[in-house]
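Peer 1: The residues making up each chain are set out below.
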Amino acid sequence: MSILVIAEHDNTSLRPATLNTVSAAVVLGGEIDLLVAGGNCQGAADEAATVDGVSRVLMADDPALTDGLAENLAPLVESIARDYSHVLAPATTYGKNLLPRAAALLDVQQISDISAIESPDTFVRPIYAGNALATVRSLDAVKLITVRTTAFDAAGQSSAAPIEMVSGSQEAGLSKFIGEELTRSERPELTTADIIVSGGRGMQSSENFGMLESLADKLGAAVGASRAAVDAGYVPNDYQVGQTGKVVAPDLYIAVGISGAIQHLAGMKDSKVIVAINKDEEAPIFQVADYGWVVDLFEAIPQLEEALDSPSS
Amino acid sequence: MKVLVPIKRVIDANIKVRVKADESGVELNNVKMAMNPFCEIAVEEAIRLRESGRVEEIIVVTVGPTQSQETLRTALAMGADRAILIEADPAPEPLAVAKLLRAIVDKEAPGLVLLGKQAIDGDNNQTGQMLSGLLGWSIGTFVSRLQVEDAVVRVTREVDGGLENIELVQPAIVTVDLRLNEPRYASLPNIMKAKKKPLDTFTPETLGVDVSPRIETIKVIDPPSRAAGTRVTSAAELVDKLRNEAKVI
Ligand SMILES: Cc1cc2nc3c(=O)[nH]c(=O)nc-3n(C[C@H](O)[C@H](O)[C@H](O)COP(=O)(O)OP(=O)(O)OC[C@H]3O[C@@H](n4cnc5c(N)ncnc54)[C@H](O)[C@@H]3O)c2cc1C
Chain A
2 MSILVIAEHD NTSLRPATLN TVSAAVVLGG EIDLLVAGGN CQGAADEAAT
52 VDGVSRVLMA DDPALTDGLA ENLAPLVESI ARDYSHVLAP ATTYGKNLLP
102 RAAALLDVQQ ISDISAIESP DTFVRPIYAG NALATVRSLD AVKLITVRTT
152 AFDAAGQSSA APIEMVSGSQ EAGLSKFIGE ELTRSERPEL TTADIIVSGG
202 RGMQSSENFG MLESLADKLG AAVGASRAAV DAGYVPNDYQ VGQTGKVVAP
252 DLYIAVGISG AIQHLAGMKD SKVIVAINKD EEAPIFQVAD YGWVVDLFEA
302 IPQLEEALDS PSS
Chain B
90 MKVLVPIKRV IDANIKVRVK ADESGVELNN VKMAMNPFCE IAVEEAIRLR
140 ESGRVEEIIV VTVGPTQSQE TLRTALAMGA DRAILIEADP APEPLAVAKL
190 LRAIVDKEAP GLVLLGKQAI DGDNNQTGQM LSGLLGWSIG TFVSRLQVED
240 AVVRVTREVD GGLENIELVQ PAIVTVDLRL NEPRYASLPN IMKAKKKPLD
290 TFTPETLGVD VSPRIETIKV IDPPSRAAGT RVTSAAELVD KLRNEAKVI
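Taken in order, these protein sequences are the chains called A and B.
Note that the first sequence covers residues 2 to 314 in the working numbering.
Note that the second sequence covers residues 90 to 338 in the working numbering.
Hint data in this document are derived by calculation from the structure and do not stem from the laboratory.
A quick note: this is a predicted structure, and the numbers were derived from the prediction, not measured.
Mixed in with the good hints there might be a few duds.
[Claimed, not checked] Calculated lysine to aspartate or glutamate pairs in the EDC-like style (CA-CA distance at most 20 Å, straight line):
#1 336/B with 63/A
#2 336/B with 307/A
#3 280/A with 326/B
#4 273/A with 170/B
#5 308/B with 141/A
#6 330/B with 252/A
#7 330/B with 195/A
#8 336/B with 283/A
#9 177/A with 238/B
#10 273/A with 239/B
#11 336/B with 119/A
#12 330/B with 306/A
#13 105/B with 141/A
#14 336/B with 122/A
#15 308/B with 119/A
#16 285/B with 182/B
#17 219/A with 326/B
#18 177/A with 256/B
#19 219/A with 329/B
#20 330/B with 307/A
#21 330/B with 310/A
#22 308/B with 122/A
#23 177/A with 239/B
#24 273/A with 311/B
#25 336/B with 195/A
#26 308/B with 182/B
Looking at chain A on its own, in the form it has when it is part of the complex (with noise of 0.2 Å):
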């Protein structure tokens, strides 16, 4: 067996998911090849050389593939992955959208977002917002599939492989990047942070996600949200939880006035320990609840602030 995985990188350094893209394909088993495709991305690459079970690092360093449009990329991904038996991808808004247009290519079904691995054909993938797990056996000679980072730990970073250059491919000419809004934030990223605080709708605006945000500093913790919140504008789209915004599974996850719709708890409901703070007892959010406090989050929040501060018991 010999596994491609197409790293996410913003050519100087790799993105984390990568690195659990990695730990996927070495439970598969066999030699992994690890493709960094982008524009002056040599940092990128070196970085990837330094991935645990990875063979070797391919690179692909041309101005077309700068910015990760898809239809530069899923040519070059065409053209390389007949030589393997897997491609694997992480299931991060870069993976989704570069992946299936080189399945297209290749006619093969791809496997979205898998979260184990039961034999080199099989996975387990969630469905229907994770209410129901499916086990799936892939027919198609290549497997193509990407992976909930969530599911797999982060491969380590102590290694040295070779890298060696592939070609490049051409400009489509279909599209252009104009420009990108990143959120930028000191505080650790939502899909890698241990703690996270997210609020809901009961935040009411986006001046009171700054008592969230004072409190996810005290924890070292990062801030997520509902859609209702982002989609009320109290937060920026980036921070949504969920079915369909970031899946995620920290140590701690803290839900300040969210009321725990199915959708929402797709995204949460493998975090180690969840805390919900809700003023309605009845709630969803309280099913899946270690720890639960029927309580006005506008006065819960300063009370927890306070009671961090004091020392341990």
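Once you have looked at the hints, place chain B with the ligand on chain A.
Peer 2: Coordinates of chain B with the ligand only, in the frame set by chain A:
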């Protein structure tokens, strides 16, 4: 310009799905079905583009069992002009759906295909991207803002790091995200009118597309359930439990 809007009939988003006892799938009998919420957003956007004069005709298409006609009628009642049903039961996998849609694109020659970013049944998030690959067209996924110009489509994409703006050469494929718009409800007179709008039917055979499965479902089971835990009544108690019982802070 014509717009093609592929849509899907799924279990209503508000219904809690039940796994079948024989583990062969989820229960679809006597369950309330509805248009996939992302597809509603795609239909709504197509209607707004027609209202702004950018689009002349909206064709909705679905692949699925006979009952999927209801979903097409809903889209017609919202404002689509005509509908195409590709009858296939059970609904084929995304790659096969993309091939069927390519056959319709070849017939209709739309300038834009608008789809939902994912269907909330399989949560695959593949069909639009696959169609773009089969056609060799530009693709904008997870779109929360869209502007159709003469030769290009400008889109804002919701990505993990925030937002990304790209420009797509027409003809283009766009998959839509939740915050693009709020879909309208169909009015009663429009529901009546929709009954008279044209609806053509094809099958995979008449379109010459092989839809045999590439994936075998071995079993479908309930996820591990999480038991409700304990209640706390003060911040001090909560912090104590998190420090000394759960040991997570
Ligand atoms: C196709 C589709 C996809 C979706 N995807 C997602 C997704 O990815 N992520 C997601 O989160 N949702 C998603 N949703 C939306 C989801 O169904 C819910 O509407 C949403 O999660 C509700 O957000 P909420 O819990 O913040 O708001 P609400 O359901 O309105 O809950 C607010 C909660 O705050 C509590 N509250 C209010 N004031 C206070 C106070 N002062 N003190 C304490 N508690 C208070 C209330 O008791 C209530 O429980 C999706 C829906 C659809 C149809």
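Peer 1: It remains to establish, for every hint, whether it holds in the given structure.
Peer 2: Structure-based check of each hint:
Only pairs whose Cα atoms come within 20 Å are accepted, and residue 336/B paired with residue 63/A is rejected, the gap being roughly 48 Å. Under the criterion of a C-alpha separation no larger than 20 Å, the hint pairing residue 336/B with residue 307/A is consistent with the structure, at around 19 Å. For the proposed pair residue 280/A and residue 326/B, the alpha carbon gap of about 17 Å is at most 20 Å, so the pair holds. A threshold of 20 Å between alpha carbons decides the hint, and for residue 273/A with residue 170/B the separation of about 50 Å lies outside it, so the pair is violated.
Of the supplied pair hints, the one linking residue 308/B and residue 141/A holds, its CA atoms being roughly 19 Å apart against a limit of 20 Å. With a CA separation close to 14 Å, the supplied pair residue 330/B and residue 252/A stays within the 20 Å bound. Pair hint residue 330/B plus residue 195/A holds up; C-alpha atoms about 17 Å apart against a cutoff of 20 Å. For the hint linking residue 336/B to residue 283/A, the alpha-carbon distance of about 27 Å lies beyond 20 Å, and the restraint is violated.
Restraint check for residue 177/A and residue 238/B: the C-alpha separation of about 14 Å stays at or below 20 Å, so the hint holds. The hinted pair formed by residue 273/A and residue 239/B fails the criterion: a straight-line CA distance of about 51 Å is larger than 20 Å. The hinted pair formed by residue 336/B and residue 119/A fails the criterion: a straight-line CA distance of about 32 Å is larger than 20 Å. At roughly 15 Å between alpha-carbon atoms, residue 330/B and residue 306/A fall within 20 Å of each other, so this suggested pair holds.
In summary, the hint linking residue 105/B to residue 141/A is not supported, as the alpha carbons are separated by about 32 Å, beyond the 20 Å threshold. For the proposed pair residue 336/B and residue 122/A, the alpha carbon gap of about 38 Å is over 20 Å, so the pair is violated. Distance hint between residue 308/B and residue 119/A is fulfilled; the C-alpha atoms sit about 12 Å from each other, no more than 20 Å. A C-alpha spacing of about 31 Å is found between residue 285/B and residue 182/B, which places the hinted pair above 20 Å, so the restraint is violated.
With a C-alpha separation of about 18 Å, the suggested pairing of residue 219/A with residue 326/B holds against the 20 Å cut-off. Proposed proximity of residue 177/A and residue 256/B is supported: the alpha carbons are some 5 Å apart, at most 20 Å. For the given pair, residue 219/A sits about 16 Å from residue 329/B by alpha-carbon distance, which is consistent with the 20 Å threshold. With a CA separation close to 15 Å, the supplied pair residue 330/B and residue 307/A stays within the 20 Å bound.
Under the criterion of a C-alpha separation no larger than 20 Å, the hint pairing residue 330/B with residue 310/A is consistent with the structure, at around 15 Å. Our distance criterion of 20 Å between C-alpha atoms is met by residue 308/B and residue 122/A, whose separation comes to about 14 Å. For the given pair, residue 177/A sits about 16 Å from residue 239/B by alpha-carbon distance, which is consistent with the 20 Å threshold. Restraint check: the Cα-Cα separation between residue 273/A and residue 311/B comes to about 19 Å, which is no more than 20 Å; the hinted pair holds.
The straight-line distance between the Cα atoms of residue 336/B and residue 195/A is roughly 12 Å, inside the 20 Å bound, and the hint therefore holds. Between residue 308/B and residue 182/B, the direct Cα distance comes to roughly 17 Å. Compliance with the 20 Å bound is thereby established for this hinted pair.
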